[in-house]
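A.B. asks: Residues per chain, in single letters:
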Amino acid sequence: MQKGKVFNRQRVVDFLLQYAMYIILLAILVTVSIIRPNFLAFGNILNILKQASTKGILALGCAGLIVLAGTDLSIGRVMGFSAAVTAALVQSVTYKSRYFPQMAQDLPLIVPLLASIAIAVIFSLINGFGVSKLKMHAFIITLGTQLIAFGANCLFIESQPSGTAQALSTFNQTFKDVAAGDLMLGTVKIPLVVLYFLGLAAIMWVVWNKTRLGKNMFAVGGNEEAARVSGVNVVRTIMLVYLIAGVLYGIAGFLEAARIQSVGANTGLGYETDAISACVIGGVSFSGGVGTIQGVVIGAVILQAINFSLNFIGVNPYYQYIIRGLIIVLAVAIDVRKYIVKK
Amino acid sequence: METTQAPLLEMSDIDKAFPGVQALSKAKLTLHAGTVHSLMGENGAGKSTLMKCLFGIYKKDAGTIRLEGNPVSFRDPKDALDNGVAMVHQELNQVLRRNVMENIWLGRLPLKHGLVDNDKMYRDTKAILDDLQMNIDPKAIIGNLSVSSRQMIEIAKAVSFNAKIVVLDEPTSSLTEKEVTHLFSIIRQLTSRGVGIIYISHKMDEILRISDEVTIMRDGMWIATRDAGKLTNAEIIRLMVNREMTQRFPPKTNKPSQVALEVRNLCGKYEPTFRDVSFDVKKGEVFGISGLVGSRRTELLNTLFGYYAKESGDIVLHGKVVDNSQPDKAALNGFSLLTEERRATGLFPQANITFNSIIANLRSYGKFLLDGRKMNRDTDWVIDAINVKTPNKRTLIRSLSGGNQQKVIIGRWLLTAPEVLLLDEPTRGIDVGAKYEIYSLILKLAEEGKSVIMVSSEMPELIGICDRILVMSNGRMAGVVERGKDFGDIPGEQETILTLAAMYV
Numbered sequence: 000m001q002k003g004k005v006f007n008r009q010r011v012v013d014f015l016l017q018y019a020m021y022i023i024l025l026a027i028l029v030t031v032s033i034i035r036p037n038f039l040a041f042g043n044i045l046n047i048l049k050q051a052s053t054k055g056i057l058a059l060g061c062a063g064l065i066v067l068a069g070t071d072l073s074i075g076r077v078m079g080f081s082a083a084v085t086a087a088l089v090q091s092v093t094y095k096s097r098y099f100p101q102m103a104q105d106l107p108l109i110v111p112l113l114a115s116i117a118i119a120v121i122f123s124l125i126n127g128f129g130v131s132k133l134k135m136h137a138f139i140i141t142l143g144t145q146l147i148a149f150g151a152n153c154l155f156i157e158s159q160p161s162g163t164a165q166a167l168s169t170f171n172q173t174f175k176d177v178a179a180g181d182l183m184l185g186t187v188k189i190p191l192v193v194l195y196f197l198g199l200a201a202i203m204w205v206v207w208n209k210t211r212l213g214k215n216m217f218a219v220g221g222n223e224e225a226a227r228v229s230g231v232n233v234v235r236t237i238m239l240v241y242l243i244a245g246v247l248y249g250i251a252g253f254l255e256a257a258r259i260q261s262v263g264a265n266t267g268l269g270y271e272t273d274a275i276s277a278c279v280i281g282g283v284s285f286s287g288g289v290g291t292i293q294g295v296v297i298g299a300v301i302l303q304a305i306n307f308s309l310n311f312i313g314v315n316p317y318y319q320y321i322i323r324g325l326i327i328v329l330a331v332a333i334d335v336r337k338y339i340v341k342k
Numbered sequence: 000m001e002t003t004q005a006p007l008l009e010m011s012d013i014d015k016a017f018p019g020v021q022a023l024s025k026a027k028l029t030l031h032a033g034t035v036h037s038l039m040g041e042n043g044a045g046k047s048t049l050m051k052c053l054f055g056i057y058k059k060d061a062g063t064i065r066l067e068g069n070p071v072s073f074r075d076p077k078d079a080l081d082n083g084v085a086m087v088h089q090e091l092n093q094v095l096r097r098n099v100m101e102n103i104w105l106g107r108l109p110l111k112h113g114l115v116d117n118d119k120m121y122r123d124t125k126a127i128l129d130d131l132q133m134n135i136d137p138k139a140i141i142g143n144l145s146v147s148s149r150q151m152i153e154i155a156k157a158v159s160f161n162a163k164i165v166v167l168d169e170p171t172s173s174l175t176e177k178e179v180t181h182l183f184s185i186i187r188q189l190t191s192r193g194v195g196i197i198y199i200s201h202k203m204d205e206i207l208r209i210s211d212e213v214t215i216m217r218d219g220m221w222i223a224t225r226d227a228g229k230l231t232n233a234e235i236i237r238l239m240v241n242r243e244m245t246q247r248f249p250p251k252t253n254k255p256s257q258v259a260l261e262v263r264n265l266c267g268k269y270e271p272t273f274r275d276v277s278f279d280v281k282k283g284e285v286f287g288i289s290g291l292v293g294s295r296r297t298e299l300l301n302t303l304f305g306y307y308a309k310e311s312g313d314i315v316l317h318g319k320v321v322d323n324s325q326p327d328k329a330a331l332n333g334f335s336l337l338t339e340e341r342r343a344t345g346l347f348p349q350a351n352i353t354f355n356s357i358i359a360n361l362r363s364y365g366k367f368l369l370d371g372r373k374m375n376r377d378t379d380w381v382i383d384a385i386n387v388k389t390p391n392k393r394t395l396i397r398s399l400s401g402g403n404q405q406k407v408i409i410g411r412w413l414l415t416a417p418e419v420l421l422l423d424e425p426t427r428g429i430d431v432g433a434k435y436e437i438y439s440l441i442l443k444l445a446e447e448g449k450s451v452i453m454v455s456s457e458m459p460e461l462i463g464i465c466d467r468i469l470v471m472s473n474g475r476m477a478g479v480v481e482r483g484k485d486f487g488d489i490p491g492e493q494e495t496i497l498t499l500a501a502m503y504v
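Listed in order, the protein sequences are those of chains A and B. First residue of the first sequence: 0, per numbering that gives the first Met the number 0; consecutive thereafter. First residue of the second sequence: 0, per numbering that gives the first Met the number 0; consecutive thereafter.
Looking at chain A on its own, in the form it has when it is part of the complex (with noise of 0.2 angstroms):
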């Protein structure tokens, strides 16, 4: 009887700490919804979508780092950069000051595309090797590529031909159409970039637990030197790994620049935050070798629809920031006890 009650109460906790953050972040939004009904609106809740789903595919591409027990600082940068390039590639050809004056016709999209991909891979690819040849660790290597994508991109911005650094405005319109255009259905506008997000979602999910590179990625993650003696080329899993966070975050780069409508040097700012946010709510653990791909895009819906809802009902922005902190610290605290072995 007694033995009984006690394992229905572990049980209990066990299901609290495994869903203990969405608990909270559930009631969040009630709360919100119940000081503000006309919250739960469709327009409000395809606006949250709209608005995680660029930072949702940098959380995509990062988490996969996270698995692999390490991070990236350069994310925000990296994107800006892509979102430059793409900017300078897409404008109106009708447009006076433009970055290519002898750009007479607009491109075919996926120029801008690629060349937006080509950049962030760059960058990915230079952290993949700091990491798994030189042994670096994430977090160094990345803060220095944060840096130097950043002066890359000033510099970038700055050779415009009038000479000023002023931000990379004006695009043609099928630009516009395509990367930040919505989706009709019957009377519901269903915003692109949501379709988009998703969709690279359910490929991320593919990638993650039906392809030989996920499996590989979770056992480098988990236990790298494992990983090695089972055969694993922990090289190669890594490099592919940051390649694959690279394609994203140059998508997401394009996406962003279509998104904001003008890009500045300062585009992108903070957004691995966000990203690296997104999932630690989802669940990835900065211990490697755990995550799920819901978790993050479910992490990255969360933390937009906190935002949302705290500028929803007025909080101040100051304010905004401190419940942002909290809810990361709370995340990690919890996210971590669902690992601790007892001893």
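Derived by calculation from the structure, the hints in this document are not laboratory data. Note that the coordinates shown come from a computational prediction; the quantities given were computed from them, not determined experimentally. Note that CB positions come from ideal geometry on N, CA and C, so glycine has one too. Treat the hints with caution; some may be incorrect.
[Unchecked claim] Heads up, incomplete: computed chain B residues facing chain A, CB under 10 angstroms, no partners named:
1) Ser335
2) Thr338
3) Ile408
[Said to hold, decoys possible] In silico negatives: residues of chain A with every beta carbon more than 10 angstroms from chain B:
4) Arg10
5) Tyr21
6) Ala26
7) Val29
8) Phe41
9) Met135
10) Gly143
11) Asp181
12) Gly185
13) Val187
14) Phe217
15) Gly221
16) Gly288
17) Pro316
[Said to hold, decoys possible] Derived pair list, reagent style DSSO-like, types lysine-lysine, alpha-carbon separation capped at 30 angstroms:
18) Lys134(A) - Lys328(B)
19) Lys443(B) - Lys328(B)
20) Lys309(B) - Lys209(A)
21) Lys366(B) - Lys132(A)
22) Lys337(A) - Lys309(B)
23) Lys268(B) - Lys132(A)
24) Lys132(A) - Lys309(B)
25) Lys328(B) - Lys132(A)
Since chain A is already given, all that's left is putting chain B on it; use the hints.
C.D. replies: Using the frame of chain A, we list chain B on its own:
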């Protein structure tokens, strides 16, 4: 005068059980001030468990420990140290990047006006080191010193705590003959001041040289305590290994046939390593590798699998030289390696049994998308065929017992259908019942025509299931002994192997 009559340390009737195994039963040990008392026994005899009970690392189930006549029960090693009982571990726990004096005084750094008093620390350290005739600079960085110097520093640290008892665990396993002589002179200095030494070692000659008394343990029990002067090597071995061997091993049914693997003049690349090892292993053979700690058996196995780099030599499988320069290549060549350190290099602790079973065999589940059903079938096979006791295949591997974890990792490699299995201490840290199952499995694999190479520190185990045993000594081959000729119900078989193992020490 009562207190001086009492022995320095008296452990009596110590019991300790772990799930599935009685590690100690009525174990005892009496240490007198100013003497060296050696503790001997095979691996698993309970020597370290007894010491861990003394230091409070394990809680003893029953028994008493008296220090100078007063009952004590230390909470942890720090508590023991504060009471004058110190241990110098085989694996030295030191802060490698810091200097000698900081390592000695860590946790109780002398302060002056709230700041660390480096001068006092230097003077005190120098005084202790000089007193013990250790020629070591207190400001030297620990990581730059030799193992022997580092060991000396641990002894100096014990002295700095005014230790009355110092336990030395396999102190000479990585020392040269000259360093051993120096260590012994330091031990004699300590005993002349009334310190009692508990000396744990496998090396019989050294034990007879340095000890006053010797206690021999077997299967968690006290067997005998004798004056060292009245003991001989043969007597120690008889006391250590005397037991029924018939029940512990399954019948040998494998039949070695033609040569499958040849190893020619293999040398490891990075020190410490082995030199010039050559042998061959037949199809269907269980080939043992024996040797003392530090004989480089593990290094040999790791190098065969490409986990450690090789300097020179060839690995030949079925007459063809194979390139085992990396573990992934070795795995493709039909090799597999069960590593010695299950936690460090075997388990994926956060993952479940399925993941841990299939991770070395991903190539066979499809080129791009993995076949989930096949992976599940293979996991079921691992659980059934090797008899893994687990609630289900989604259970996290770290919640299984050591023996079952080991079985999953063996299963992981069996899925890759290897031709050569390299097993490093396959039964370490698992209970007797699971050991028998693993022996049966090894023999069955040999019967199916696989070549099994097995490193073990437990000699009865090698004698029980191997066809031949390569004996390593200090990184070199000392010889290969054969079943029916040198061992396998042959009188003096263990002495033969031990003599070889000590050849280059």
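A.B. asks: So which of the earlier hints does this model not fit?
C.D. replies: Hints 14, 15, 16, 20, 22 are the ones this structure does not satisfy, whereas the remaining hints hold.
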